[in-house]
Amino acid sequence: MACIELKQVSYRYPTSKTANLKEVNLTVESGEFIAVIGRNEAGKTTLCNVIRGFAPHFYQGKLSGSVHVNGKDVLRTEIGDLSWDVGYVFQNPFNQNSGVKATVYEEISYGLENLGIPRREIFDRVDEVINLLGIAYLADKHPMKLSGGQCQRVALASIIVMEPAILLIDEPTSQLDPKGTEDVFKIIDMLKKKGKTTILVEHKIDRVAEYADRVILMDEGRIVRDGPAAQILSDPALLEYGVTLPQTALLGLRLREEGLPLERIPITIDQAAVSIGALRKEGGGI
Amino acid sequence: MDLNQLHQLVASSRRGRFWLDLNPMTKMVLAFCEVSLAICMPGFAYGFLLMAVLMLCAATCGLGKTYGKIMLSVLVIFVGLMILARALFYEGGGEVFVTLGRFSIYKGGVLAGLRASSVILGFSSALVFFYASTEPEYLMLTLEQYRCPPKATFVILSTFQMIPQMGVNAKTIQDAQRARGIETEGSLWVRAKAFIPMLMPLLLSSFSAAEEKSLALETRGFNYDSPKTRLRIVEDSKAQKAARIGLIAVTAAACVTGGYFKWLA
Ligand SMILES: Nc1ncnc2c1ncn2[C@@H]1O[C@H](COP(=O)(O)OP(=O)(O)OP(=O)(O)O)[C@@H](O)[C@H]1O
Ligand SMILES: [Mg+2]
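Just so you know, the protein sequences line up as chains H and G, in that order.
Here the first sequence stands for residues 2 to 287, numbered as in this note's numbering.
Here the second sequence stands for residues 26 to 290, numbered as in this note's numbering.
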C-alpha cells in the first residue's frame, strides 16, 4: 500500500521568489527506507515539510498538486491530526524540545501525554525507548542543558516513542561522532525491521549506501534521481549534483578506469569485498 | 538516578517537606492573602514580620539560601533607598530624628519610609517564597485543573523554563562579541554599551526559535484533539481546600479592619 503519495507537487514559500519544490512525484510504499540526498538548499527539508503538512499549513505559501499520507489528504487535514501518522525529527537539534519539561525523561514522555496515552503505558514506553537509545544516563538531566549530539538523541527518542507509522528524519547525525552516527543508523535500521516507513535526509553517503533501500536525489527543488540505492549511488553523474559517492563506489569506478573488468560498482565495503574477490578468482590481475 | 527513582520523582509531588508539598493553589492563595495584607495593614511591622516568618519557613524546606539571598538584595537596594528617599525629601516637619550636618532627618520621614518598605517587603517576600517553593510544572498542572487553557499554561511554563536558556544564549553572544573585540567586561558603562548590541541577536534568535518551537510542539501532538494525560499528579486534600477558604475569609476580614484603621490614621 502506498503510504505517501505526492502528485505533481510544486510549492513556494511566501518569502521566496522562485518555486522551492517543482513538479515532485513520489510514491512511497509502506515499510520502505528511503534516503534523500542532495546539495544544500536542494529542497530536502521542504519535501519533509510538505509531507508533514507544515507547508503550506504552517508556512503558508502556494502549493499545487496533491499530497496523500496514510490515506489522508494532507491539504485538507488539520495540522494536529497528522501527529500520530507522521513523526518528524528536525534538522536543527536545538529548539526541538518542548521547553516545558524539567527532565529528559519527561521531555520524551511529552508526545505521549498529548496523545492521551494511559500513564502506565507511558512509563513503559519511555523506559523502553530510553534503553533502546542508550540514554538512561541523560534521563534526569535538564533538556536545555544538553550538547548537540545529546539533543539529537533525545529528539529522536521523543519522536520514536510516539510510534508513528511514518518517520521523517532530517539529518539526525550532523552533531554526532562516527560512533554516535552508527548507533543512530542501527536504530533506524531496527525501526525498519519493525515495519516503519522512514524517509531520512542524510549527507553521510557511506552510511546511506549501507542502510537505505532506495535513494532520492534532489536538486533545485526537483527529484532528479529516484531508484535502488545500488543503482543511484554508483552513478558518477551524482558528482555533478554536488554529492559525493561512497568511497567504495569511487574505488570501483577508478578500478574500471584502470581497465579492470569490475562486474558492478560496489557501494558498501561488503559489496566491494565480493566484487574484488570475484576479480581475483578470474585472475583479473590482482 | 536510575529509571525507577525517576518514576517516583515524576509520579508523586511529595518531596517530604511541608511547604514544598502544599498544593500550588494553596500557596497561591497564601501569597495572594499575604500581598493583600501588605497593602491593607497599617503601620510598618507587617512587611518586616512576614519577611522574617517566611525566612523561617524557607529554612525548614531547604530554600533558606535562595530566599535569603534574594530578600537580602531587596532589603538593601529597595528598602534602603526607599527609607533614605522618604527621609531626605520629607516635607512634613515635626520631630527631628537625627541631624547630619546641614540636613535634618525627621521622624515622620523615617516612618513614611518604613511604611512604604513594609508594602514592598510584603509583596516581594510573598512572591519570592511562592516562586521558590513551587515547581513550575505543578503550578501549570494546577492551573489546568482550574480550567486554564493548555495554550495559556504553556506560555507561562515555557517562560519559566526559558530563563536558563536565555542565560546560555546571552553568554554565547557575549563570547562572540568579545571575539570580535567588543568589550563586555569592566565598568558599568562599558557593560551597558555591550548590552545593547547583545539584545538584537538575543531577540532575533528568540523569534526564529519561536517558529521552530511551535513546529516542534506540533510534532509532539500539542494540537492533537484528545484529552491529555499528565505523568505528574498534583496532590490536594479536603484540609487544604478548607484552609484556602478559611485563609481568604480571615484575610478579607483583616483587610477590612486594617483598612479602616489605616483610613482613620
Ligand atoms: N522558511 C522558509 N522560508 C522561505 N524560504 C525557505 C524557507 N526554508 C527554506 N527556504 C528556501 O527553500 C529552498 C530549499 O531549502 P531546504 O531547506 O528545503 O533545503 P535543504 O535541501 O534542506 O538544504 P540543507 O541541506 O541546507 O538543509 C532554499 O532555497 C531555501 O532558501
Ligand atoms: Mg535541510
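By construction, these hints were calculated from the structure, which means they are not laboratory data.
Backbone N, C-alpha and C define an ideal beta-carbon position, used for all residues, glycine too.
It is possible that some hints are incorrect.
DEER-style ranges, computed between Cβ atoms [as the list claims (entries may be wrong)]:
1. G/S262 to H/N132: 53 to 63 Å
2. G/P174 to H/T16: 26 to 36 Å
3. H/E122 to G/T184: 24 to 34 Å
4. H/S148 to G/Q265: 33 to 43 Å
5. H/M191 to G/T254: 20 to 30 Å
Range first: 33 to 43 Å. Now tell me if the beta carbons of H/S148 and G/Q265 are that far apart.
Because 42 Å falls inside the window, the suggested range holds.
Tell me if the beta carbons of G/P174 and H/T16 are separated by a distance inside 26 to 36 Å.
With a Cβ separation near 31 Å, G/P174 and H/T16 satisfy 26 to 36 Å, so the hint holds.
Is 24 to 34 Å right for how far apart the beta carbons of H/E122 and G/T184 are?
holds (31 Å)
Return holds or violated for the Cβ distance of G/S262 and H/N132 against the range 53 to 63 Å.
violated (37 Å)
Assessment of proposed distance window 20 to 30 Å (beta carbons of H/M191, G/T254)
At 27 Å between Cβs, range holds.
Violated hints amount to a single one, hint 1; each of the other numbered hints is respected by the structure.
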